[in-house]
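Peer 1: Chains as they are written, first to last, in the numbering used here: chain A, 1 to 257; chain B, 1001 to 1325.
Among the hints, a few may not be true.
Here are the computed lysine-lysine pairs in the DSS-like style, where the Cα-Cα straight-line distance is at most 27 angstroms [stated by the list, open to error]:
hint, chain 1, residue 1, chain 2, residue 2
1, A, K4, B, K1104
2, A, K4, B, K1095
3, B, K1192, A, K250
4, B, K1245, A, K250
5, A, K4, B, K1090
6, A, K250, B, K1258
7, B, K1095, B, K1047
8, B, K1090, B, K1005
9, B, K1286, A, K250
10, B, K1150, B, K1047
Restraint ranges, calculated between C-beta atoms of paired labels, are given here [unchecked claim]:
hint, chain 1, residue 1, chain 2, residue 2, range
11, A, V32, B, N1057, 27 to 35 angstroms
12, A, T164, B, V1187, 50 to 58 angstroms
13, A, V172, B, P1309, 52 to 60 angstroms
14, B, V1013, A, G29, 45 to 53 angstroms
15, B, R1033, A, V32, 30 to 38 angstroms
16, A, A240, B, F1011, 45 to 53 angstroms
17, A, W69, B, V1187, 25 to 33 angstroms
18, B, V1187, A, L9, 55 to 63 angstroms
Source of the hints: derived by calculation from the structure; they are not laboratory data.
Glycine residues also receive a C-beta, built at the ideal position from the N, C-alpha and C atoms.
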Amino acid sequence: MIRKYIALLRMKYIEMLAYRLATLVWMTGAIVQPLITMAVWMNIDPSQSDAFLFYFMAVIFVERMTSAWDVWELDREIREGTFSNYIIRPLHPIHWAIAENVVYKVLFVAILAPIWAIAALFVPALRFDVTGGQALLFLAAVLLGAALRFLLSYICGLLGFWITKVTAVYGVLEAISLFLSGRIAPLSMLPPMLQQWSVFLPFRYMIGFPIDIVTGAANGHDMLQGFAIASIWVAVFIIALRWIWIAGLKKNQAVGG
Amino acid sequence: MIHVKHLHKSFRVHARQAGWLEAVRSLWRREYRVVEAVKDISFTIEKGEIVGFLGPNGAGKTTTMKMLAGLLHPTSGEITVGGFVPFEQKAEFKKMMSLVMGQKSQLIWDIPPMETFLVNKAIYEIDDRMFRETLDELVELLELAPLLDKPTRSLSLGQRMRCELAAALLHRPQVLFLDEPTIGLDVHTQEKVRRFIVDYNREHETTILLTSHYMGDVTALCDRVMIINYGKLIYDGELTVLTEKLAPYKRLEVRFAKVPDVRWEDYGEVVEIEDGNVALRVAREKVAEVSAHFLQHFHVHDINIQDPPMEEVITRAFQEGLHDS
């Protein structure tokens, strides 16, 4: 399995290099929305400017690290029939997607981390003071968040066996997640009822939760509860994915000549 | 190697009339109809055989092939390929077979074919020595050397198809399914691909099932053909027998020094008479006799005896059916 991953990572890396410009545009494009949202919040409440700056910079970072695009790929591959080429090979297609995620996210870290470090030299609001434990918990939470978004996106993609243009369904989920994950505003600013819901839904753990750890907004109890609920969601998604995969293959029409 | 018994596949298709009103109506009232793509097909293919799977578009060839490769779940019936049930998706099964689809590339589009080969090496767990040997062989047979490091998207269709074949054969499958492998290729490249398939089959005793609607593929590659139409297998047997059965005549072309004044209808059906050339359709059993007669009694410049073109034979099979076979 390790060898297979090495081969896939290598190939995805080479492929990424072939898409240099697209990758760059894609990365910088994703920064625009959080920046605008940040500007709006700073305007609403200037006294909290520094907190918003840090929060939304963290959103950019965590959002890129947990982003998932697999639903678009799967939707196209299933609809056009090229997905068949993965099914007939003796390796579950999900590994191709995982390898791709790893390659792109390593690149994101390699670009974003130095930018953050340099920016922090000039902008005091971006400096943060975390313990080693907190940093590890933050990384673990980002990993969980990435797993959650990836699984949800892949599950939706597999629904393409039943529905054409499944990306529409995913679009609805994305819209909900915009609020409940903490992308549009820190979760503490949502109405109390939404805050309560967000604790039990998976979206919070995709972006807001890791940021709460690094800003110190989450105490020990919050973290324990957060990791537990996020882990349960990961397990639920894995079970759902397996079931949908098996059912989907039966349903598969392997379109195209 | 391949056993198929009473195979059926039906799809539920959403039926919708064309037009705006109908499109709106179908939002809440969906009508489905069941399309039977494959109806009760049974056959057996032995190890090392090359079998041609013929039929017009939409006859069920590709559907059958996809079931054999494990891509489609049969509605009913049994399939085993090399002892495996394809749809169970066992890794061992996938390692012993390969599917090449003329229209669906497995090569990764924006990077060179060699990268796909290396990924396949890892996925199929091919060891270094075997990979080297197989790759060298394929590079030579398919003349791939100049193509390996060019991005796939920049290859011509023929070049890509050759790389496609190589990617599919690196793990030395025992069973090879070729779905329209020569589609869109020029005559010269078609010929190359055909020669490769024949040589490869002879060398490795690979069992090959091939669909095509180029008759040339079938006549060049297959001794045995299966003809499918409307989801039913209407013929399974030797190509030569099929020809005899459907076309019990040959085409006899004779060039005379001077066209003799005889009743041509006595020898066979007249196709054309022009400038000393006479083309007749003569019953198979009379061909020898008629040509001997011409050579003995008239001054003949040239004589040519041909089977009727395959296209003609197969088209007749599609039209008339062959339920007695």
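Peer 1: Please verify whether A/K4 and B/K1095 have alpha carbons no more than 27 angstroms apart.
Peer 2: holds, 15 angstroms
Peer 1: Taking the Cβ atom of A/V32 and the Cβ atom of B/N1057, is their distance within the range 27 to 35 angstroms?
Peer 2: violated, 48 angstroms
Peer 1: Between A/T164 and B/V1187, is the Cβ distance one that fits in 50 to 58 angstroms?
Peer 2: Once the Cβ atoms are compared, 38 angstroms apart, the range 50 to 58 angstroms for B/V1187 and A/T164 is violated.
Peer 1: B/R1033 and A/V32, beta-carbon distance inside 30 to 38 angstroms?
Peer 2: Given range 30 to 38 angstroms: violated, Cβ gap about 48 angstroms.
Peer 1: If I claimed the Cβ atoms of A/W69 and B/V1187 lie 25 to 33 angstroms apart, would that claim hold in this structure?
Peer 2: violated, 42 angstroms
Peer 1: Would the pair A/K250 and B/K1258 pass a check requiring their Cα atoms to be no farther apart than 27 angstroms?
Peer 2: violated, 70 angstroms
Peer 1: For the hint 45 to 53 angstroms, verify it against the beta carbon of A/A240 and that of B/F1011.
Peer 2: violated, 26 angstroms
Peer 1: Falls inside 52 to 60 angstroms, the C-beta gap from A/V172 to B/P1309?
Peer 2: Given a distance of about 58 angstroms, which is inside 52 to 60 angstroms, the answer is holds.
Peer 1: Decide if the proposed pair is consistent with the structure: A/K4 and B/K1104, CA atoms, cutoff 27 angstroms inclusive.
Peer 2: Satisfied, since the Cα-Cα distance of roughly 23 angstroms is no more than 27 angstroms.
Peer 1: Sort out whether B/K1090 lies within 27 angstroms of A/K4, counting only the CA atoms.
Peer 2: holds, 17 angstroms
Peer 1: Holds or violated: B/K1286 and A/K250, Cα atoms, limit 27 angstroms.
Peer 2: Violated. B/K1286 to A/K250 sits at ~56 angstroms, over the 27 angstroms cutoff.
Peer 1: Is the hinted range of 45 to 53 angstroms satisfied by the C-beta distance from B/V1013 to A/G29?
Peer 2: Since the Cβ atoms of B/V1013 and A/G29 sit about 39 angstroms apart, the hinted range of 45 to 53 angstroms is violated.
Checked against the numbered hints above, the structure breaks hints 3, 4, 6, 9, 10, 11, 12, 14, 15, 16, 17 and 18 and satisfies the rest.
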